[in-house]
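Under the working numbering, the first residue of the sequence shown is numbered 38, with each subsequent residue one higher.
Please note that a few of the clues may not be correct.
Said to hold, decoys possible - Cross-link-like lysine to aspartate or glutamate pairs, in silico, EDC-like; alpha carbons within 20 Å at most:
(1) K135 with E147
(2) K135 with E150
(3) K55 with E108
(4) K80 with D43
(5) K55 with D181
(6) K80 with E147
(7) K208 with E108
(8) K55 with E144
What the hints assert, rightly or not - Have a look at the derived ranges for each label pair, beta carbon to beta carbon:
(9) K55 with E150: 41 to 49 Å
(10) L132 with H106: 33 to 41 Å
(11) P149 with D181: 16 to 24 Å
(12) H106 with D182: 26 to 34 Å
(13) V151 with K55: 31 to 39 Å
(14) R82 with K135: 47 to 55 Å
(15) K135 with G75: 27 to 35 Å
The hints are simulated quantities; they were obtained by calculation from the structure and are not laboratory data. The structure presented is a predicted model; accordingly, all values stated were derived computationally and were not measured. Just so you know, even glycine gets a beta-carbon here, dropped at the ideal spot from N, CA and C.
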Amino acid sequence: MKFLFDLFPVILFFVAYKVFDIYVATAVAIGATFAQIGWLWFKGRKIDTMLWVSLVIITVFGGMTLLLHDENFIKWKPTVLYWAFAAALLGGTLLLKKNLMRTLLAEQMELPEVAWTKLNWSWIGFFVFMGGANLFVAFNFSTDDWVNFKLFGGMGLMLVFVLAQGLVLSKYIEESK
Numbered sequence: 038m039k040f041l042f043d044l045f046p047v048i049l050f051f052v053a054y055k056v057f058d059i060y061v062a063t064a065v066a067i068g069a070t071f072a073q074i075g076w077l078w079f080k081g082r083k084i085d086t087m088l089w090v091s092l093v094i095i096t097v098f099g100g101m102t103l104l105l106h107d108e109n110f111i112k113w114k115p116t117v118l119y120w121a122f123a124a125a126l127l128g129g130t131l132l133l134k135k136n137l138m139r140t141l142l143a144e145q146m147e148l149p150e151v152a153w154t155k156l157n158w159s160w161i162g163f164f165v166f167m168g169g170a171n172l173f174v175a176f177n178f179s180t181d182d183w184v185n186f187k188l189f190g191g192m193g194l195m196l197v198f199v200l201a202q203g204l205v206l207s208k209y210i211e212e213s214k
């Protein structure tokens, strides 16, 4: 359910784009992200930092898209978000000497230090790659292709990456039992 909840703005963006256009879709994505936060607040649940970052980025880049009537701003949004996540993980590692992936996931699994380090660096690399892939598709293909990639390509690549991570981490999880 959390996965679907997290994808809520992206799915609504996709549907609104297919029914209307990029500008309506952008407004819908902004509204959906505000609605997500409102729902969590109403339910008294914790609002993840990543959701706040996403809200700021969609509001700024989506707002610029609507204000200037230029779809290029919304096309930059996923890259900025991916690279912000990569920068946070990298900054945690290099500046704070803290593995943020371990901080996020330590309650869900127990891993040796080498596995946490690999996990952190692989996510940094994945987010850098995804940001570059988004820019490549956004500025070398049609807007329609980019919207399809944003939902299906991005989700597909994320699924493949997470499954690959599971295979790599399963070795360590088995050893720790």
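So, going through the hints one by one against the coordinates:
Between the alpha carbons of K135 and E147 the distance comes to roughly 16 Å, so the proposed pair stays at or under 20 Å and holds. Of the supplied pair hints, the one linking K135 and E150 holds, its CA atoms being roughly 12 Å apart against a limit of 20 Å. For the hint pairing K55 with E108, the CA-to-CA distance comes to about 15 Å; that is within 20 Å, so the pair holds. For the hint pairing K80 with D43, the CA-to-CA distance comes to about 16 Å; that is within 20 Å, so the pair holds.
Distance check on the hinted pair: K55 and D181 sit about 9 Å apart at the alpha-carbon level, within 20 Å; holds. Distance restraint check for K80 and E147: the Cα-Cα separation of roughly 30 Å exceeds the 20 Å cut-off, and the hinted pair is therefore not satisfied. Between K208 and E108, the direct Cα distance comes to roughly 44 Å. Violation of the 20 Å bound is thereby established for this hinted pair. For the hint pairing K55 with E144, the CA-to-CA distance comes to about 40 Å; that exceeds 20 Å, so the pair is violated.
Checking the proposed 41 to 49 Å range against K55 and E150 shows it holds: the Cβ atoms sit about 46 Å from each other. Checked against the given bound of 33 to 41 Å, the beta carbons of L132 and H106, roughly 39 Å apart, stay inside it. Taking 16 to 24 Å as the suggested C-beta distance range, the pair P149 and D181 does not conform, at roughly 46 Å. For the pair H106 and D182, the beta carbons lie near 21 Å from each other, so the given range of 26 to 34 Å is not met.
Here the CB-CB span from V151 to K55 is close to 45 Å, at odds with the stated 31 to 39 Å. For R82 paired with K135, a C-beta distance near 25 Å fails the hint of 47 to 55 Å. In this structure the hint that K135 and G75 lie 27 to 35 Å apart at CB holds, the actual value being about 31 Å.
Violated hints, listed in ascending order, are 6, 7, 8, 11, 12, 13 and 14; each of the other numbered hints is respected by the structure.
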